[in-house]
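**Q** In case you want the letters, here they are:
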Amino acid sequence: MNVLYFAIPIALLLGVVFLGFFIWATRSGQYDDLDTPSYKILLDDKEIEPEKGKNYESRS
Amino acid sequence: MNQEANQNLESFSYDDKIVRWFTYATLLWGAVAMLLGVTIAFQLAYWKLNMGLEWLTFGRLRPLHTNAAIFAFVGNGMFAGVYYSLQRLCKARLFNDLLSKLHFWGWQLIIVSAAISLPLGMTTGKEYAELEWPIDIAITVVWVIFAVNFFGTLIRRRERHIYVAIWFYIATIVTVAVLHIVNSISIPVSLMKSYSIYAGAQDALIQWWYGHNAVAFFLTTPILGLMYYFVPKAANRPVYSYRLSIVHFWSLVFIYIWAGPHHLLYTALPEWLQTVGMVFSVALWAPSWGGMINGLLTLRGKWSEVRTNPVLKFLATAVTFYGMSTFEGPLLSVKSVNSVAHFTDWVIGHVHAGTIGWNYMLTAGMLYYLVPKLWKTKIYSIALANFQFWTATIGLFFYIVSMWIAGVTQGMMWRAIDGETGTLVYPNFIETVTQIIPMYWVRAIGGTLVLISFLVMIYNLLKSIAASKSDLKEEIYQAPALSANTATGHRKLEGLPMIFTVLVLLSIIVGTVVEITPTFLANRFFVKSDSITPYTPLELLGRDVFIKEGCYTCHSQMVRPMVSEQLRYGKPSHISESRYDHPFQWGSRRIGPDLARVGSKYPHMWHYRHMLNPRHMTHDSIMPNYPWLARKKIHYDVLEKKMRVMQALGVPYSDSEVASSVEDAQYQANEIADILAQSGVDKSVADKEIVALISYLQRLGSEVAEGITDQEVEE
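Those protein sequences? They're chains A and B, same order as listed. First residue of the first sequence? That's -17 in our numbering, and the numbers climb one at a time after it. First residue of the second sequence? That's 305 in our numbering, and the numbers climb one at a time after it.
Do not rely on the hints blindly, as some may be mistaken.
To be verified - Restraint ranges, calculated between C-beta atoms of paired labels, are given here:
(1) B:K352 to A:W6: 55 to 63 angstroms
(2) B:L759 to A:V(-2): 56 to 64 angstroms
(3) A:L1 to B:K777: 39 to 47 angstroms
(4) B:M866 to A:V(-2): 44 to 52 angstroms
(5) A:G2 to B:R919: 57 to 65 angstroms
(6) A:G2 to B:R604: 31 to 39 angstroms
(7) A:D15 to B:Y350: 33 to 41 angstroms
(8) B:Y328 to A:V(-2): 35 to 43 angstroms
(9) A:I30 to B:N540: 22 to 30 angstroms
(10) B:G356 to A:L(-6): 48 to 56 angstroms
(11) A:T18 to B:T444: 36 to 44 angstroms
By construction, these hints were calculated from the structure, which means they are not laboratory data. Owing to the predicted nature of the structure, the values given are computational and were not obtained by experimental measurement. C-beta: ideal position from N, C-alpha, C; glycine also.
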């Protein structure tokens, strides 16, 4: 079962990657506010009238 | 809004065209996947529906059905939902329109190539990873395109907080990439044929680590992300507990990856590994149910709308089925339950509770939400949506219940031992098959109802789209740039974790290749076991026929250590017996009997007649006829290459064995043909595939591993 010598590190590495994500998320304040994000997604974006001649972000 | 504030605002639009494309693709491939499912369901109920055509046998279509359902239907649906929600959650347009298009067309091309190659028998023989190496490379490329497009969008987001749905998408992208690459590593023999670098138990472990996580990270995490976006949006209520959703995500991500070995309970896999798989599977109960409860409670106070609003109806049902399948999954992973359920239809029912109940229902809810928004139209008919809902639900009910009955019935019949004589109550395997045929009919009818429901949805949505009067011009939105009040350089810093991810991912891939090379090189220095010899050249060719015809979809090669199995099949399979099997063929289902010890059980002539028409030997057999095996010539031209690849993978063939492989194979083929000729078979059969297959089948289990210590195997 020598494949374990590489399967377990891979699985652990994946865990470490996500642990890194978690630490980054916590430190950068992603989880400081756990109330408003769930409400914020309910707000729809407001459309505006495009101005003539103005250059907007890339559009197909 | 005053002039000053306006200056901080950035204007942008969303790329909804690509979402519309993926929506069409979801509808198309969903119908194809379900049509294939219904076809193979009827084939099991009535064998003649295999049509006598090699391209349409169960063994070849079943992989196409599973691949189509997972990667084509759920895949396209996932991409539509991810691209729609990601843009809105990030308040940013997708990173690059060209990448989006490459992603779309690349994925469709992969699906089409699967639809052509799998019926032609081009397969790696590893479940849900059957596609051959050029397609595997294409999948990797398209997945990287998806990842770049995704993370590029995330970097340019205008919303600081990364909503929980996005985290689920990140886990999907990162993990699927690693799983796919690790499991697909193989050495090509020709353009559409390769051998997995892993063998036997090692291959089994890697394959089911992949197989289980394909369910976890392709059919579950992305769909949970969609749930956390579309359920609150459709109900217009915030998720019940945002905190719980965060806990749900992180616990799932850390636990899921370890649960794979539960697919290999009671096999020749080391027992401690089986226990690890079982423990982590049972641990999954908690986060899964946390997520389900969170989804359902989001609908609190909205239940009256669930009755009338098709979007909520489908979504609520999907979340309920998520709860049901994630209850059943850990249950099936408990060893004592698994001893009855493994290799039976119970597992098939379980996965369909997931794919139909969870994936299809959630996709349907999402599409009923998306289509009116994407095309600025209204749902054509609520009544049709309701009709679809009930047809699908009743169909699924028939499906699950029939598979429960079939699975438990067959599992109990296999293990029934007469208390007085100590012999099997149902020694003939076919008795346990004919017993559940009625359930196969019920399942096929249930599946047909699900297919009908899907076709109704396609009609309903296309009518809705046709009624659209919009020119579908992209709208312009405005939002402040991210952290406009901090230093402008902060935007760049914000992207660092993402660049970090990509770098880590790349290092994983490089590390994988570096680590894996010594792993398989070490195989060369295996203690050569006296009792296990590699396949002869002809047996190797026969094994490739076995793989090509998808025999593993119905026949396992793994005798478990239970008394009933030993009475029926013989000595339990030993880990060393499959040590030269690239890929392993332990199988996951016994629609027919186990073949691990079939060698020498019957004369050559039995197999010959059985392949031409199984009913000559077993009256009620449901196996298709394989007359083309007696017509198609053995491909000797690639044999030497195959031997050399096997040699590179550590199978102890000497150079002279490789050099004389064609000669040796023809010699053995003539021997078998001579014996067949004594029973009146035309001698010209000597160079036909059927002879190679017989040589392989007669070899199986003929070398029962004796006196090999586990130590020796692990060296």
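**Q** Each hint should be assessed against the structure and marked as holding or not.
**A** Against the structure, the hints:
1. B:K352 to A:W6: 55 to 63 angstroms: At 59 angstroms between Cβs, range holds.
2. B:L759 to A:V(-2): 56 to 64 angstroms: violated, 46 angstroms
3. A:L1 to B:K777: 39 to 47 angstroms: holds, 45 angstroms
4. B:M866 to A:V(-2): 44 to 52 angstroms: violated, 39 angstroms
5. A:G2 to B:R919: 57 to 65 angstroms: holds, 59 angstroms
6. A:G2 to B:R604: 31 to 39 angstroms: Between A:G2 and B:R604, where Cβ atoms are some 36 angstroms apart, the hint holds.
7. A:D15 to B:Y350: 33 to 41 angstroms: Once the Cβ atoms are compared, 60 angstroms apart, the range 33 to 41 angstroms for B:Y350 and A:D15 is violated.
8. B:Y328 to A:V(-2): 35 to 43 angstroms: holds, 40 angstroms
9. A:I30 to B:N540: 22 to 30 angstroms: Hint holds: Cβ distance 23 angstroms, inside 22 to 30 angstroms.
10. B:G356 to A:L(-6): 48 to 56 angstroms: This hint holds: roughly 51 angstroms between Cβ atoms.
11. A:T18 to B:T444: 36 to 44 angstroms: The hint (36 to 44 angstroms, Cβ to Cβ) holds, given that A:T18 and B:T444 are roughly 39 angstroms apart.
The structure fails hints 2, 4 and 7 (numbered hints given earlier, in ascending order).
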